[in-house]
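Enquirer: Chain residues, written in single-letter form:
Protein chains: 2
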Amino acid sequence: MDTNRIFELSEIADKILQGKDKDTDIAPVVAELRELLSDYRQGSVGMAQLNPIAGDIEYNAKKIMKYISYATQIGLDMVLFPELSIMGYPIEDTIDRHPIIVDENIKWLKEIAKLTTTTTAVVGFVEPRKYENKTGKKYYNSLAILSGGEIRSIVRKSLLPNYSEFNDYRYIEPSPVVGAQPPETLGMFDEENVCECEKTNLINNVRYGFSICEDCWNNKTFFSSTLYGIDPIEELSKENPDVFINCSASPSRAKKEQLKHNMLSFISENYGVPVVYLNQVGAIDNSSFDGSSRVFDKDGVLLARAKSFEEQFLIVNPVKGLGKIYPLTKGLEKSLTEEKKFTLDYENDLERTYKTIIQGIRDYFKKNGLKRACLGLSGGLDSTVCAVLLADALGKENVFGVSMPSKITSKESRSDAELLAANLGINFAEMPIKDMVDTTNRMFDDLFSQVESKWDCRYEKSFTQDNIQARSRAMYLWGIANEFASCVPIATSDKSELYMGYATINGDMSGGFAPIADVPKTKLFAFARWMNINRAEKNAIPEAIILKRPGAELAIDEKTGKPLIAEDALMPYEFLDEVIWRIENKHEYYQDMIDSEFLYEKNNKVTKEEKTEWLNKFYRRMATSLYKWSILPPSVIVESRSINKYDYKQPITSSHINYKGTDKSDIVRKLREVAKL
Amino acid sequence: MDTNRIFELSEIADKILQGKDKDTDIAPVVAELRELLSDYRQGSVGMAQLNPIAGDIEYNAKKIMKYISYATQIGLDMVLFPELSIMGYPIEDTIDRHPIIVDENIKWLKEIAKLTTTTTAVVGFVEPRKYENKTGKKYYNSLAILSGGEIRSIVRKSLLPNYSEFNDYRYIEPSPVVGAQPPETLGMFDEENVCECEKTNLINNVRYGFSICEDCWNNKTFFSSTLYGIDPIEELSKENPDVFINCSASPSRAKKEQLKHNMLSFISENYGVPVVYLNQVGAIDNSSFDGSSRVFDKDGVLLARAKSFEEQFLIVNPVKGLGKIYPLTKGLEKSLTEEKKFTLDYENDLERTYKTIIQGIRDYFKKNGLKRACLGLSGGLDSTVCAVLLADALGKENVFGVSMPSKITSKESRSDAELLAANLGINFAEMPIKDMVDTTNRMFDDLFSQVESKWDCRYEKSFTQDNIQARSRAMYLWGIANEFASCVPIATSDKSELYMGYATINGDMSGGFAPIADVPKTKLFAFARWMNINRAEKNAIPEAIILKRPGAELAIDEKTGKPLIAEDALMPYEFLDEVIWRIENKHEYYQDMIDSEFLYEKNNKVTKEEKTEWLNKFYRRMATSLYKWSILPPSVIVESRSINKYDYKQPITSSHINYKGTDKSDIVRKLREVAKL
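From first to last, the protein sequence lines stand for chains A and B.
Take the first sequence: its position 59, counting from 1, is numbered 59 in our numbering, and each next residue is one higher.
Take the second sequence: its position 550, counting from 1, is numbered 550 in our numbering, and each next residue is one higher.
Read the hints as simulated data drawn from the structure, not as lab findings.
Built from N, CA and C at the ideal position, the CB exists for glycine as well.
Treat the hints with caution; some may be incorrect.
Claimed, not checked - Short, incomplete list of chain B residues facing chain A, as computed with Cβ under 10 angstroms:
#1 L17
#2 D56
#3 T94
#4 E104
#5 I112
#6 K137
#7 D435
#8 I480
Given the sequences, and given the hints that come with them, work out the whole structure.
Expert: Encoded structure:
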């Protein structure tokens, strides 16, 4: 039989269900699908790779209901929804402060259950605990298994991630048992009424073992280290299920995918049991979820894979071998090197980077009722890359690029900015900041002389002039956002410069969203080239912008008389990005880096003094940037580690850490000194 | 014997050790103390209530060493330091990204151990796990028990808080055993080598049971609900210790103290064992620790209590009944009502509020190398209270108040601001913003007409004018901060207004620190009056400022022709603050509040329509304020619940939550509609 037709019809139905095709009648599509699927009924699974909105229960529940109806009508055994699908993941502390939303998610869940018939639906929700023993947290992260108008059983998450952007453990209690518990335990479960019944579920004579996200990430053979004592999959395997099901909400991060693919393949092969892994899609604040849901057969071979960064309803049958493998976004593939070595060859990860950020921007705007973006176009790389991403995410008509030249801005920068806007087709305005800067300077002269009369601590050299320019520009952009509906100004800072605090508070780092705050500068160069090749409109980014050495054009270099080049003020970006990479990925410290050869050193002559100076500067600047990280607008997490405040937590008041370490003899001497009293 | 002399000498020594008294020779003080303490030697404990700096290991270690020497010289059995005292608490993810600091804290600890002699020192540190089984997190939160030049044993924290501002569980593994383990397990401990030795420690024939902070917060009889399955204190009690010791780092929050006092008293009485509870003092970013360390005798009666919000070395003997009870800051006392009812009577909590914030400001500045603050003085309540707090925390000479009137600013506001500055003795400048506003408006006319030609979505009524004023002022303040050394501009937003998003991005909510971001407006009125009575200089705050109805003076009310009053734009503050209080403390939702009588309703006529309108406005405005909460500068957490992003986590992308709930019949109807496909 030609299974291609199944996937063809499935894609047509997807478009109708997603509202992208309003002209086609779904009834004949459904009828034909039902007919084609009749041979595959036993063991058939619909994987609803959906994009929820955190806390918007009505929106999520209605979407779920629609897909349950669809799955029922085409005659599937089962339809799966992602982790916490009714509530939306993540929901964080909201469930504690506003418990009404937990009540609501239960109310909607119960009504959904009543409307189920022949197809089993697996729906993620926040479950209040019975809490009779008054111990632990008040909620579980659960799956409800629904059919025939009833809740059939409940599965609860045992392993709760509590690192990076994950905070499950704050208000969720780890389940003391894995797998299914009886329906009457809904909201009534605690350790005292663990049912010693079957933990797996028999549905149309196929036995399924259900787990939730992190539950499948703890295989002690596969991982060199694990976070938890128990392995829920191992537990479930004891009942010899025919299929493992895992419902997830797992965001995209650099190099995570290789691990995930290999791990899922390992599990299926190791237990000789197919694995169905469903992941949500869409972005919420700083996290962008890639979907890429998949099925491995009992030999660990990929049988099916959904699209990445798109909603899709993928029909599979892990028992009968029905599935389709959609192409993976480059950078999500398993061939991505895991070697721990810094490289400037970002090629492998650029498509993923692009889609991760595009989805991040698009969903932040859409889910928060926003529509338009305005940003400064300096003719530099950061604002250029942001402009391209915004145009692609929001539509060019919804983006306003404003060139705001000062006296330092070069003619080339102005024309590059204008050309870029024209190439992209975004709206463009030019608005010099001279008057604002002049006025501010005049006011400052007066103000500073008043302050100086009381405070004898005026800097000989300050960044005031630089900052006036950046802040004037932000003043314009926030003005536009205040005056025009649903418009958000964009913070254009990149990761390398944020590490160095090379960003102005209430200036370029201010905005409602920061698209590239987790992309290092050297990657941005590669990214710009990649976009010029891979976007439908080729070469939208003028070559001059990519070739130009970055500089904020806020100050004149006294030595050259030309605008200060950022690398001269900081250090070579290639060196800087390797320092960041070594700290984030290898947890190296000062001396480790002194002792290693950097890629930059291979290609350039670097004296020991220079290297030492750069490293000293790095740590000095990083220490005083911690505050800036804490006030950064929401941004998309892209790399495997970041400085996003929801991902990485360091007290600002740790700015005097000695990152160099101390000699033992120094320690002894210093302690003896104070021991004298 | 006269024990008063012990505490008298102890206070003299404290001043010398803290560097506050550089003229007095410590030797005779030490000698006399040693003599006086000779009868109390057995069971004597020095409680070093210190103020650490997160990650500044050398600073912390040297301080610890100094007090060990002192304790040894005066002949105490033991000296205690707070939780994680060498590392500083909290240190968060820093130990993962920069493991060098963990190595460092071990190096310093080992050298400290070598310098101990007759007095046992109990020092908190981050301990790397052996990690041979490669499961769990990499670190323990531990205490080292040191004497005679050696590490005698190690105690590890079992209960790890992971709510509010606490993130212990992110990188710390809960210890599988409570109490002492042998010294050779330092860095080598895992579940496989649990020593079945004594869990309590015999020191000079007194038996001690050690625990760390949260370990003592899980008594199932005392608490109506608990977070953890085990109770470390119960475990320790099985070895019949003579004294329980708990080393903590526990920040001050409204109403927490009553609980803490009663709990510690309950534990000592329940087990018939004295409790020595040591808490750190000082502030780190958003958390302000009160100290107030104490000792309860075996009958649960308070025997000793250290000062609040101050470093102190308190000498006690829980076995022989030696101790002194220092007065508690009002608001920290156990008589604070726990009744769950909203009140405008804040009197009970104002001294604590004051000291919590003063310490928060002072330590944030000092520990980050900052010295000066500048703020706008509007003549309104928020900036006024901030100015007083800053003057008291940093010294009046280090504060610059800038009056920045616009055409809307009343004459009274200007003179009130000037009078306040004069009363406080802080520096003062007046700098009208007219030119800046005019220039900005001129630029905006040009800019907006360019934008309007492309975007057909200009608001009929916008906040652009209001925001220009607030942003011009922030521009001035950040200018001062850029031009003068170690100066921080202050964000003056209060809690009530932040809930309503009634604060300007890059305007009044911008700054390096936000002193009153967790103080509701009605409390600020009481606070201002309290400061006028309780500060050394009486009535520094002009009565007119307290009497005036708050308004941002950014816009003219069309109805009255006068500056818009905030309560007219929002709702009565008394009502608003009760909504906040009900949500934060009682987790009420919309309908709960519709159904309850508010305090404001008791004293004022409120129609059902008005109340509904206010509640609708509250939820609508709160939903769009989530972004503002995410970019707020560091601030001091004061109330029992807050919107501080390090304390409360809600996705910004949850702005469409339905806080009102849905009727069951609506749910059924809506689900049936979508089920049709």
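Enquirer: None of the hints should be skipped; say for each whether it holds.
Expert: Now for the hints, and whether the structure bears them out:
A hinted interface residue such as B:L17 counts as satisfied when its beta carbon comes closer than 10 angstroms to some beta carbon of chain A; here the least separation is about 7 angstroms, so the hint holds. Interface restraint check for B:D56: the shortest CB-CB distance to chain A comes to about 5 angstroms, inside 10 angstroms, so the restraint holds. Interface hint at B:T94: satisfied, since its Cβ lies 5 angstroms from the closest Cβ of chain A, which is below the 10 angstroms cut-off. Contact between B:E104 and chain A, as hinted, is supported at the beta carbon level, the nearest pair being about 6 angstroms apart and thus within 10 angstroms.
Below 10 angstroms, beta-carbon pairs count as interface contacts, and B:I112 has one with chain A at about 6 angstroms; its hint therefore holds. For B:K137, the suggested interface contact is upheld, since its CB lies about 7 angstroms from the closest CB of chain A, less than 10 angstroms. For B:D435, the interface hint holds, the least distance from its beta-carbon to any beta-carbon of chain A being 5 angstroms, beneath 10 angstroms. Against a cut-off of 10 angstroms between C-beta atoms, the interface hint on B:I480 holds, since the closest Cβ of chain A lies about 6 angstroms away.
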